[in-house]
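> Chain by chain, the residues:
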Amino acid sequence: MNSPGTSFGWVEVVLTILKILLIVGFCLNFSAIAVWADRRQSAMIQHRVGPNRAVVNVPSFIIQGILTAPGILLGALAALGLGQALTPQAAIERMGVSLQLIVFVAWFNLVLLSWRVSRKGALNAFEAAVGSNLPRAYFYAGLAGHVVVALVSVAVARQVSAGQIASDKAYLAARVASVVLGGLMGASGVYAAMRIPKGPVGIRLAGTLHGIADALKMMFKEDFIPKNADRLLHALGPMIALFPALVVMAVVPFGEQLCFQDVNKNGSFEFAELLRVKGAMARDAVCEGHSVPLQIVDMNVGILYIFAISSTGVIGAAIAGWASDNKFSLLGGLRAASQMVSYEVAMGLSLMGVLLIYSSLRFTPMVSWQNMYAWGIFVQPIAFFMFLAASMAENKRVPFDQPEGESEIVAGYFVEYSGFKFGMFMAGEYVEIFTGAAIMVTLFFGGYTMPFLFADGIDVTIGETTFFAYKMNHLAVTVIQALAFFGKSVFLSWVIIFFRWTLPRFRYDQVMRFGWTKLLPLAIGNLAVTAVAVVAIDAAGPGLHSTLKLLGQLSHALVAGAMLVLPVGLVWLFLRPVESTRFLRSSSARFAAAAGGVKPTPMQA
Amino acid sequence: MEPLDQDLEEGELEMPADPMMLNMGPSHPAMHGTVRIVVELSGETITKADVQIGYLHRGFEKMCERGNWNQCYPCVDRLNYVSPMLNNVGFSLAVEKMLGVTVPERTQYYRVALGELARICDHLTCNGAMAMELGAFTPFLWYVRAREMIWDIFEEETGARVTHSFGRVGGMAKPPTAYFKDVVRATIPRVLAVLTESEGLLLKNRIFLDRLENVGKVSKEVALDLGWTGPTLRSTGVPYDVRRAHPYLVYDRFEFDIPVGTTGDNFDRFMCRQEEIRQSARILEQCLDQMPDDGPINIDDPRVVLPPKEEVYSTIEGTIQHFKIVMEGIKVPAGEVYSYTEGGNGELGFYLVSDGSGTPHRVRIRPPCFAITQALERMIVGAMIPDIVPTFGSLNMIGGECDH
Numbered sequence: 001m002n003s004p005g006t007s008f009g010w011v012e013v014v015l016t017i018l019k020i021l022l023i024v025g026f027c028l029n030f031s032a033i034a035v036w037a038d039r040r041q042s043a044m045i046q047h048r049v050g051p052n053r054a055v056v057n058v059p060s061f062i063i064q065g066i067l068t069a070p071g072i073l074l075g076a077l078a079a080l081g082l083g084q085a086l087t088p089q090a091a092i093e094r095m096g097v098s099l100q101l102i103v104f105v106a107w108f109n110l111v112l113l114s115w116r117v118s119r120k121g122a123l124n125a126f127e128a129a130v131g132s133n134l135p136r137a138y139f140y141a142g143l144a145g146h147v148v149v150a151l152v153s154v155a156v157a158r159q160v161s162a163g164q165i166a167s168d169k170a171y172l173a174a175r176v177a178s179v180v181l182g183g184l185m186g187a188s189g190v191y192a193a194m195r196i197p198k199g200p201v202g203i204r205l206a207g208t209l210h211g212i213a214d215a216l217k218m219m220f221k222e223d224f225i226p227k228n229a230d231r232l233l234h235a236l237g238p239m240i241a242l243f244p245a246l247v248v249m250a251v252v253p254f255g256e257q258l259c260f261q262d263v264n265k266n267g268s269f270e271f272a273e274l275l276r277v278k279g280a281m282a283r284d285a286v287c288e289g290h291s292v293p294l295q296i297v298d299m300n301v302g303i304l305y306i307f308a309i310s311s312t313g314v315i316g317a318a319i320a321g322w323a324s325d326n327k328f329s330l331l332g333g334l335r336a337a338s339q340m341v342s343y344e345v346a347m348g349l350s351l352m353g354v355l356l357i358y359s360s361l362r363f364t365p366m367v368s369w370q371n372m373y374a375w376g377i378f379v380q381p382i383a384f385f386m387f388l389a390a391s392m393a394e395n396k397r398v399p400f401d402q403p404e405g406e407s408e409i410v411a412g413y414f415v416e417y418s419g420f421k422f423g424m425f426m427a428g429e430y431v432e433i434f435t436g437a438a439i440m441v442t443l444f445f446g447g448y449t450m451p452f453l454f455a456d457g458i459d460v461t462i463g464e465t466t467f468f469a470y471k472m473n474h475l476a477v478t479v480i481q482a483l484a485f486f487g488k489s490v491f492l493s494w495v496i497i498f499f500r501w502t503l504p505r506f507r508y509d510q511v512m513r514f515g516w517t518k519l520l521p522l523a524i525g526n527l528a529v530t531a532v533a534v535v536a537i538d539a540a541g542p543g544l545h546s547t548l549k550l551l552g553q554l555s556h557a558l559v560a561g562a563m564l565v566l567p568v569g570l571v572w573l574f575l576r577p578v579e580s581t582r583f584l585r586s587s588s589a590r591f592a593a594a595a596g597g598v599k600p601t602p603m604q605a
Numbered sequence: 001m002e003p004l005d006q007d008l009e010e011g012e013l014e015m016p017a018d019p020m021m022l023n024m025g026p027s028h029p030a031m032h033g034t035v036r037i038v039v040e041l042s043g044e045t046i047t048k049a050d051v052q053i054g055y056l057h058r059g060f061e062k063m064c065e066r067g068n069w070n071q072c073y074p075c076v077d078r079l080n081y082v083s084p085m086l087n088n089v090g091f092s093l094a095v096e097k098m099l100g101v102t103v104p105e106r107t108q109y110y111r112v113a114l115g116e117l118a119r120i121c122d123h124l125t126c127n128g129a130m131a132m133e134l135g136a137f138t139p140f141l142w143y144v145r146a147r148e149m150i151w152d153i154f155e156e157e158t159g160a161r162v163t164h165s166f167g168r169v170g171g172m173a174k175p176p177t178a179y180f181k182d183v184v185r186a187t188i189p190r191v192l193a194v195l196t197e198s199e200g201l202l203l204k205n206r207i208f209l210d211r212l213e214n215v216g217k218v219s220k221e222v223a224l225d226l227g228w229t230g231p232t233l234r235s236t237g238v239p240y241d242v243r244r245a246h247p248y249l250v251y252d253r254f255e256f257d258i259p260v261g262t263t264g265d266n267f268d269r270f271m272c273r274q275e276e277i278r279q280s281a282r283i284l285e286q287c288l289d290q291m292p293d294d295g296p297i298n299i300d301d302p303r304v305v306l307p308p309k310e311e312v313y314s315t316i317e318g319t320i321q322h323f324k325i326v327m328e329g330i331k332v333p334a335g336e337v338y339s340y341t342e343g344g345n346g347e348l349g350f351y352l353v354s355d356g357s358g359t360p361h362r363v364r365i366r367p368p369c370f371a372i373t374q375a376l377e378r379m380i381v382g383a384m385i386p387d388i389v390p391t392f393g394s395l396n397m398i399g400g401e402c403d404h
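As you go down the protein sequences, you meet chains Z and X in turn. Just so you know, we're using the numbering used here here: the first sequence kicks off at 1 and counts up by one. Just so you know, we're using the numbering used here here: the second sequence kicks off at 1 and counts up by one.
Be careful, since some hints might not be right.
In silico lysine to any residue, SDA-like type, Cα no more than 20 Å apart, as pairs [unchecked claim]:
1) X:K181 x X:E199
2) Z:K19 x X:V38
3) Z:K217 x X:G43
4) Z:K169 x X:E40
5) Z:K198 x X:E40
6) X:K217 x Z:Q510
7) Z:K278 x Z:Q510
8) Z:K327 x X:A160
9) Z:K327 x X:V38
Residues of chain Z clear of chain X, computed beta-carbon distances all greater than 12 Å [claimed, not checked]:
10) I45
11) F139
12) E270
13) P399
14) F514
15) L566
Rough simulated footprint, nothing fancy, chain Z against chain X, three-plus residues with beta-carbon under 8 Å [what the hints assert, rightly or not]:
16) 89 to 100
17) 372 to 383
Keep in mind the hints are simulated off the structure, nothing from the lab. For glycine and all other residues, C-beta sits at the position ideal for the given N, C-alpha and C.
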């Protein structure tokens with residue numbers, strides 16, 4: 001919100017449009033990526049070839065340019081970026097960041113190269129040497145390198161501030177690190193470019209182009225409308241299904257705020273001031289300049305707006321089912337309507353306990369509450385699982401996909417849709433996955449915050465002991481927050497998509513029974529227990545309060561630890577090197593293998 | 001507006017409601033492309049159902065009567081196209097019964113081994129497709145992967161993955177390959193591992209169990225009245241298996257259990273098939289141990305079996321013998337016979353009439369599916385639309401043999 005006395009300005013309008021574009025663009029792109037993720041997961045779990053057919057053939061010189069230019073540009077920027085005057089502290093910081101980036105670029109490139117060599121063979125002795133180790137070995141070595149560099153940087157920073165190392169040496173170290181980083185980036189770009197063979201190169205981007213190809217296909221397909229269909233409602237259905245999914249995101253914050261300095265002191269926000277982001281912020285300081293909330297609109301009804309809008313999605317499915325003039329569509333539309341309306345109730349009630357605890361309907365206070373105490377998942381775990389189930393039912397995802405259950409009512413309410421109208425239903429479904437994940441992240445996973453990250457930097461304090469503190473400037477904190485929000489939402493979407501490949505679907509009456517006789521009483525019980533607990537805790541003495549505060553900080557520590565362990569665990573457990581379990585039985589398979597293997601069979605045993 | 005506190009017939013309402021007729025199939029994902037069910041709905045509940053078969057009718061019995069006895073095999077293959085080898089074996093046994101000959105022991109073991117492999121394929125396909133139609137796509141693809149391994153064995157042995165046409169009157173088309181036993185021994189544990197893995201995904205899943213348990217129940221008496229056989233009959237609790245009740249080939253030499261269900265619902269049918277795969281693996285293991293490694297594969301009767309090719313080209317007897325069998329067919333003595341074996345879905349019977357010429361006078365099949373599909377109507381009336389899917393899936397209706 002603008003500070004008092006601010007008049008209407010074009011800057012706000014432009015910024016709001018930018019925010020809307022960011023969110024809508026992200027959602028639509030993510031829906032394409034989510035389709036890819038869906039297919040990719042099915043391929044992983046079912047041992048099939050995933051989506052990889054879509055290919056764009058690009059001439060090799062363009063690929064070489066793409067690989068070389070950024071490497072050289074970034075390298076030059078890193079090497080020459082020391083022209084400005086720096087304090088010794090800033091120089092040491094820059095050295096630390098450069099060293100970390102050197103380690104990252106090194107191991108990342110080695111992983112890529114080793115993986116490439118293992119698939120396509122080595123071109124020279126260097127590549128053979130790189131390929132003799134598994135990619136994961138480079139990853140582990142890189143992790144160790146990151147830790148060592150972090151320790152060295154901290155030690156050097158202490159020495160400099162204690163005056164034991166002269167500041168000119170600090171400048172020299174920073175410059176050397178930057179030059180090395182620049183050289184490494186440039187060299188790896190050039191080497192990758194040299195490796196590109198002549199002739200057009202097929203770009204597949206791990207199959208993500210599949211989503212784009214699908215969308216293009218849908219646009220050019222015939223838009224079939226049944227003879228007796230209601231043409232207006234038939235066209236309106238998909239729009240109503242897609243619209244709420246996008247609009248819901250308007251109130252979800254993807255960052256706290258961006259604070260700009262009020263340079264000309266006149267209270268009005270001008271375009272020139274957009275470059276003057278505030279340097280540092282105190283922990284609980286209010287922005288004195290121009291504050292831009294990182295949220296399209298901050299409504300005081302917050303979560304109620306989400307319930308209101310998302311429940312209109314049912315109209316799209318119901319209209320589509322009715323207007324298609326098909327009995328299967330009608331059954332699907334009826335199922336969709338009754339299921340979504342029923343789960344709306346449980347969904348709303350499951351969140352009441354959380355709202356009691358946060359004592360706000362707006363999202364920003366909820367997020368700051370979680371940052372101050374503990375993430376919602378620790379406070380209200382049952383509510384989270386109920387909300388997850390209810391929102392899956394709202395999204396009509398497996399196991400709640402009765403409205404489109406393809407083996408029963410063919411495709412349900414969109415059986416008579418083709419072309420991009422069907423595409424809109426599909427995009428709407430995948431956008432809803434993301435918006436549902438975003439709402440869950442905001443309510444239960446700390447929203448845009450990270451554990452121990454505050455407006456003024458990192459501060460690891462548990463109880464009264466401060467383990468680690470580090471000041472950061474305002475822009476860095478805000479960028480980390482936005483990345484955290486999108487990262488968490490994407491991760492949760494990935495998890496939600498995974499259910500589809502492990503669960504069968506309910507029967508229609510079982511869904512309704514589950515919603516009304518299990519979920520709803522559980523939600524009411526949860527609300528009652530929470531209400532009693534909130535009153536009891538409010539009445540309790542300061543002893544309990546400080547214990548709860550300590551528990552909250554421990555939960556933050558747990559999350560932070562999990563975030564550090566997660567990537568290692570992912571590599572260690574899930575990205576194991578694939579053992580060749582090919583089992584040749586038929587003579588044709590043996591002939592193929594004897595001939596050097598013509599083509600990997602799509603269904604390897 | 002009519003008063004709400006009185007029970008009114010639907011026709012008395014101001015806005016009379018007609019029951020909705022819904023035509024499911026023959027082009028419907030759950031109908032396997034071969035059957036049509038016209039249901040009358042009240043809400044989602046089925047009040048009337050009319051199951052119409054015949055969409056895969058190809059006149060196979062008539063086709064068999066146009067050629068000689070060995071020319072029936074391609075038609076017989078396409079009866080139950082999920083386990084064609086069992087049809088091959090069944091038809092061979094029927095003709096041999098008429099001829100009054102018994103194939104050599106090695107062939108008997110070979111037929112048992114190939115037949116049990118086909119039975120595993122059949123059950124894997126049925127259970128996998130049933131899970132897929134309930135929305136669990138992953139187990140289906142795992143099952144198909146296991147079936148793929150077995151089809152590779154078939155490809156190696158017969159040259160074809162599905163429709164083998166491998167049986168012959170008085171033997172088989174070819175002897176087993178040198179590594180037949182090794183390949184089967186290597187493959188079966190992998191198939192069983194897939195089975196166990198998929199059970200972990202399905203049998204601990206409340207949703208899956210809720211969809212199957214107490215749905216599509218059939219009592220023992222009704223099943224017997226309708227003439228059910230096979231896994232569907234055993235799921236109701238009747239331990240009738242042709243392999244045990246009337247042993248043919250060398251089935252009396254193997255130890256195996258007959259799994260039976262208790263309630264005859266979809267879940268019992270699913271579990272019976274799962275367990276039968278394991279029993280088939282047991283039979284295979286014993287069969288491979290007992291099967292002789294060498295010995296004749298065909299009977300030594302020049303009137304029935306084609307002579308080896310070198311004799312055809314080098315001796316006048318061989319040439320004539322070859323000519324007579326190919327041009328006139330095997331002279332099966334006049335008479336009639338009913339022979340029955342345990343097919344993938346139950347008792348697969350062949351009723352053959354011969355007039356003494358080289359051509360069958362009448363070929364009549366007793367498909368297990370035909371009796372089983374009769375019950376579908378009474379199983380789904382009163383249930384809901386989603387219940388059609390697992391019920392129909394667990395009956396494993398195969399259009400090829402049902403529409404005869």
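> Hints first: check each against the structure and report whether it holds.
Verification of the supplied hints:
A hinted pair counts as satisfied when its Cα atoms are at most 20 Å apart, and K181 (chain X) with E199 (chain X) does not qualify at roughly 27 Å. Between K19 (chain Z) and V38 (chain X), the direct Cα distance comes to roughly 53 Å. Violation of the 20 Å bound is thereby established for this hinted pair. At roughly 37 Å between alpha-carbon atoms, K217 (chain Z) and G43 (chain X) are farther apart than 20 Å, so this suggested pair is violated. In summary, the hint linking K169 (chain Z) to E40 (chain X) is not supported, as the alpha carbons are separated by about 88 Å, beyond the 20 Å threshold.
Taking the CA atoms of K198 (chain Z) and E40 (chain X), the gap is near 65 Å; set against the 20 Å cutoff, the hint is violated. With a CA separation close to 18 Å, the supplied pair K217 (chain X) and Q510 (chain Z) stays within the 20 Å bound. A hinted pair counts as satisfied when its Cα atoms are at most 20 Å apart, and K278 (chain Z) with Q510 (chain Z) does not qualify at roughly 56 Å. Taking the CA atoms of K327 (chain Z) and A160 (chain X), the gap is near 42 Å; set against the 20 Å cutoff, the hint is violated.
Restraint check for K327 (chain Z) and V38 (chain X): the C-alpha separation of about 13 Å stays at or below 20 Å, so the hint holds. Residue placement check: I45 (chain Z) does not keep its beta carbon more than 12 Å from all beta carbons of chain X (closest about 6 Å). The claim that F139 (chain Z) is not at the interface with chain X holds, since no C-beta of that chain comes within 12 Å of its own (minimum 29 Å). The claim that E270 (chain Z) lies off the interface holds: its Cβ sits roughly 57 Å from the closest Cβ of chain X, which is beyond the 12 Å cut-off.
The claim that P399 (chain Z) is not at the interface with chain X is violated, since a C-beta of that chain comes within 12 Å of its own (minimum 5 Å). The non-interface label for F514 (chain Z) is inconsistent with chain X: the shortest C-beta to C-beta separation is roughly 10 Å, within 12 Å. Here L566 (chain Z) stays apart from chain X, with its beta-carbon at least about 25 Å from theirs, past the 12 Å limit. Evaluation of the coverage hint for the stretch 89 to 100 of chain X: breached, as 0 residues show C-beta separations to chain Z shorter than 8 Å, against a requirement of three.
Counting residues of the stretch 372 to 383 of chain X whose beta carbon lies closer than 8 Å to any beta carbon of chain Z gives 0, which falls short of the minimum of three for the stated coverage.
Hint violations for this structure: numbers 1, 2, 3, 4, 5, 7, 8, 10, 13, 14, 16, 17, all remaining hints satisfied.
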